[in-house]
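K.L.:
Sequence:
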Amino acid sequence: MQMPEPDKAMLARRAEIVAALRDIVPGEGVIDAPEEMKAYESDGLTAYRTLPMIVVLPSTTAQVAAVLRYCHENKVKVVPRGAGTSLSGGALPLADGVLLGLGKFNRVLEIDYENRCAVVQPGVTNLGITNAVQDRGFYYAPDPSSQIACTIGGNVAENSGGVHCLKYGLTTNNVLGVEMVLIDGTILHIGGKHLDAEGYDLLGIIIGSEGLLGVVTEVTVRILQKPAVARAVLLGFPTSESAGNCVGAIIGAGIIPGGMEMMDRPAIHAAEDFVHAGYPRDVEALLIVELDGPAVEVDHLIERVAAIAADNGAVYNRVSQNEAERLNFWAGRKAAFPAVGRISPDYFCMDGTIPRRRLPEVLTRMTELSQQYGLGVANVFHAGDGNLHPLILYDANKPGELRKAEDFGADILRLCVEVGGVLTGEHGVGVEKRDLMPAMFTEIDLAQQQRLKCAFDPDGLLNPGKVFPQLHRCAELGRMHIHRGQVPFPDLPRF
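Residue numbers (numbering that gives the first Met the number 0): 0 to 494.
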C-alpha cells in the first residue's frame, strides 16, 4: 500500500513530538529515521506492516510516565511493544502514533523464595525468569513456545499460556501484581506478593488487555518448585479423531497431566526433520503427555494413560527414560512453528479454543476446509485445554493466496465459536481477529467492553485499532444503544 506524502503541518507536528520525546528520553532513546524504524514495522504477524511515526525506548518508569503524559496532553496515539513476538498484530504500529518499546526494562529486580515470587521488569524474557531461579529448584510455569524470546510484559498483555498451562494455568494464574502507568502518567500498583488482593479484581482486567488500558512497567510473578519427577510419553494414533478422543478420555478419567499436546502428520514430519526428536513418522497424530509429581504417582499415571490410549486405538507408545529424552520430546513440539516455516514459504498461525469433546469433529471439519480452500494446514495445539493452533500454509508471492489464507483462518475461528469455543486462547485479538469479534459478541457486549477501556483511556489513545471492530467515542458509549452505521477501522496495510 502506497502511503500519501505528509504535508508540511504533519511534518512540523512530527518534529515537535520528536523534540519533546528527546527531552524526556535523551541519548539514543528516540528513533525517527525510517530505515532505523524498519525493525519495528510489524510483530510476529508479518502479513501486516507499517512504519511507526516515532519509536521511543524509555528505560525507567518515570520516563514512561512522562512520555504517556505528554502524549495524553497532546492527543498522540501510543502503541506499547515488548519483544514483538505477538501473532495477532497486537504490537502493529501506527503511522500517526508513537511506538513505545520496553526492551530496556530487562532486569530481575527481586527474588523472594520465602513468598515464592519474583519481581521483574516487563522486558525480561519468559525463560529468563526460570533461568534466574532454577538453581534453587524453582521455575516459572507458563511456557509459550516462544519463551526464549517473548517477554513477561507481552505475556501479561496477551495472557499467554504454553504447553504446561493445562495443570499450572495461564499468565493470569501466575501473576500476583503489576506496576502500570496510565495514559495520563499516573502510576498504579495493583496486587503484590500476597495471593489475593482486596476489592475489585483489577489484575484480572489488566492481564490480557492487549495494551489498551495502560503500560506495565513491573510484574510480580509466582514461582513454583520443580516437581520431584516429570516423565513424558509419546502416543501415536492412526487418525487425528482417535487422538482427539484419547484427550477427552484422559481428562474424563480425572487425570490432569502437566502438559498434553497434539500434532498431526504434517507437523510431526516437519518437527522431526528439524529437531530429530524421535517422533514416529508412520502415524497420523501424536500426543505428548507429561505426568509430574512424586515418582510413585507418576509411574501409576503413566500406566493408566497407556491403558486409556490403547483403548482409543494408539499404535505407538514411548515413555521418556531420562530428563534429556523428556526435554527432547518437548523440543520438537516447541520448535514446531519454525519447523513448519521450512516446508512452506509462508504460514498463517491461528489461535482458537474449543470444548475438548468437540475436538474430533473440529479436526474433521478443518480437513474439509483445507480441501475447500486448496491450502495445506499443519495442526499443533494444546490439546488438554482445547487451544488450537492450525498453521495454514500459503505463498504470499502468489496473487490472492494471503486473502485465501485469511478467509480459511476466519472460517476456522467461526467454527470454534459455533461449537461453543472462543476466538482466542492465548494469542489475543489484536488486528487479526478484530473484525471477527461480532461472531462472538453482540453490539451491547462490545459496547460494555469499550466502556471499560474508556474508564482507563477516555481519548482512545492507547493501542487504537486493536480488538474492537468499530470506532465509538466514549461519550457515545454513555447511551444504552449504539448508533448503527459507524465507520469501521480502515483496511490494514499489507506487506
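In case anyone wonders, no lab produced these hints; they're calculated from the structure.
Only a predicted model underlies this, so the values are computations on that prediction, with no experimental measurement involved.
Some clues are possibly wrong.
[As the list claims (entries may be wrong)] Calculated pairs, BS3-like style, for lysine-lysine (alpha carbon to alpha carbon, straight line, at most 25 Å):
hint, residue 1, residue 2
1, LYS192, LYS166
2, LYS192, LYS225
3, LYS37, LYS7
4, LYS7, LYS74
5, LYS166, LYS103
6, LYS103, LYS7
7, LYS37, LYS103
K.L.:
Hint by hint, note whether the structure agrees.
P.N.:
Against the structure, the hints:
With a C-alpha separation of about 22 Å, the suggested pair LYS192 and LYS166 falls inside the 25 Å cut-off, and the hint holds. Between LYS192 and LYS225 the CA atoms are separated by roughly 20 Å; this keeps the pair inside 25 Å, and the hint holds. About 23 Å separates the Cα atoms of LYS37 and LYS7, which keeps this hinted pair within 25 Å; it holds. At most 25 Å may separate the alpha-carbon atoms for a hinted pair to count; LYS7 and LYS74 meet this at roughly 19 Å.
A hinted pair counts as satisfied when its Cα atoms are at most 25 Å apart, and LYS166 with LYS103 does not qualify at roughly 32 Å. Of the pairs offered as hints, the one joining LYS103 and LYS7 is violated, with about 33 Å between alpha carbons and a cut-off of 25 Å exceeded. Pair hint LYS37 plus LYS103 holds up; C-alpha atoms about 19 Å apart against a cutoff of 25 Å.
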